[in-house]
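With chain H held as given, fit chain S onto it using these hints.
Protein sequence lines correspond, in order, to chains H and S. Residues 76 to 181 in this note's numbering are what the first sequence spells out, letter by letter. Residues 76 to 181 in this note's numbering are what the second sequence spells out, letter by letter.
Simulated from the structure, these hints should not be mistaken for lab results. Heads up, a few of these hints could be off.
[As the list claims (entries may be wrong)] DSS-like cross-link-like pairs, simulated, lysine-lysine; straight-line CA separation at most 27 Å:
#1 H:177 / H:117
#2 H:177 / S:98
#3 S:86 / H:88
#4 S:88 / H:98
#5 S:102 / S:88
#6 S:98 / S:88
#7 H:140 / H:177
#8 S:102 / H:177
#9 S:140 / H:117
#10 H:177 / S:88
#11 H:151 / H:88
#12 H:88 / H:117
#13 H:140 / S:177
[As the list claims (entries may be wrong)] Just so you have them, the derived chain S footprint on chain H, three or more residues with Cβ under 8 Å:
#14 77-85
#15 104-113
#16 118-129
#17 132-145
#18 156-170
[To be verified] To give a feel for the contact side, a few chain H residues facing chain S, derived at Cβ under 8 Å:
#19 92
#20 173
#21 176
#22 177
Quick reminder that beta carbons are idealized off the backbone N, C-alpha and C, glycines included.
2 protein chains.
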Amino acid sequence: MSEFKHLVLVKFKEEVVVEDVLKGMEKLVSEMDTVKSFVWGKDIESDEMLRQGFTHAFLMTFSSKEDFTAFASHPKHLEFSSTFSTAIQNAVLLDFPAITVKSSAN
Amino acid sequence: MSEFKHLVLVKFKEEVVVEDVLKGMEKLVSEMDTVKSFVWGKDIESDEMLRQGFTHAFLMTFSSKEDFTAFASHPKHLEFSSTFSTAIQNAVLLDFPAITVKSSAN
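One chain only, chain H, in its complex shape:
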């Protein structure tokens, strides 16, 4: 069974303190055993036109689609999502089984 990934691209509202949102996200992830790994980043290199206003990417990895579903419907996630949605101006979400072509073990 392949790993399952939850990817979120975000543009925050101007008045939002991104560090505070990140703290909430880190707390959520640390409390949820279903989240296998969590990596994020702020774009520093892409062309303004090519990133279409998005500034941050958040990527969570789960052992299975079932673990993702359990996470997505968990009260702690729902509570965080509710707060999170008030902080964002725009977001894209993609949820997909991960197909690994090349592994970082190389």
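Chain S in isolation, oriented as in the chain H frame:
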């Protein structure tokens, strides 16, 4: 030094054979030692509204920003990008130093 990630979200044109594009991408990645890992996926779960028309995510990881820069400016990448751009209806690119909050080693 943190790893560097190159993230591409795509909606392909309707007439495009996605498998052919993927073959070209896999060939490129296999030939480029600067690409440390490569994972992709096709959304199967996100709400249509939340994914804003995007269907595929491609994520490449590099050991450093320098490796990414070398990859991005490599003739093989430029040649692929030229072909790739004719296959897509919409794309978002984000390039960022990866901040790992939780590791899959857990």
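Q) Between residue 88 of chain H and residue 117 of chain H, does the CA-CA distance stay at or below 27 Å? A) holds (15 Å)
**Q.** Hint status (Cβ of residue 176 of chain H to nearest Cβ of chain S, threshold 8 Å)
**A.** holds (4 Å)
Q) Between residue 177 of chain H and residue 117 of chain H, is the straight-line Cα distance small enough, at 27 Å or below? A) holds (24 Å)
**Q.** Interface hint outcome for residue 92 of chain H [beta carbon to chain S under 8 Å]
**A.** violated (17 Å)
Q. Does residue 88 of chain S lie within 27 Å of residue 177 of chain H when you go C-alpha to C-alpha?
A. With a Cα-Cα distance of about 26 Å, the restraint between residue 177 of chain H and residue 88 of chain S holds, given a limit of 27 Å.
(Q) Next pair to validate is residue 140 of chain H with residue 177 of chain S; report whether the Cα-Cα distance is within 27 Å. (A) holds (18 Å)
Q.
Does residue 88 of chain H sit within 27 Å of residue 151 of chain H, going by the straight-line distance between their CA atoms?
A. holds (23 Å)
Q.
So if I understand the rule, the pair passes when the alpha-carbon distance is 27 Å or less; does residue 86 of chain S with residue 88 of chain H pass?
A. The given pair, whose Cα atoms are some 25 Å apart, holds under the 27 Å limit.
**Q.** Hinted pair residue 88 of chain S and residue 98 of chain H, Cα distance within 27 Å
**A.** violated (39 Å)
Q | Given coverage of the stretch 118-129 of chain H by chain S, checked by CB-CB distance under 8 Å (3 or more) | A | holds (count 9)
(Q) When I compare C-beta atoms, does the stretch 156-170 of chain H have three or more residues closer than 8 Å to chain S? (A) The restraint on the stretch 156-170 of chain H holds, since 5 of its residues have a Cβ under 8 Å from chain S and three suffice.
Q.
Quick check: do three or more residues in the stretch 104-113 of chain H have a beta carbon closer than 8 Å to a beta carbon of chain S?
A. With 6 residues closer than 8 Å to chain S, the stretch 104-113 of chain H meets the three-residue bar; holds.
When the structure is compared with the earlier hints, violations turn up for hints 4 and 19 and for no others.
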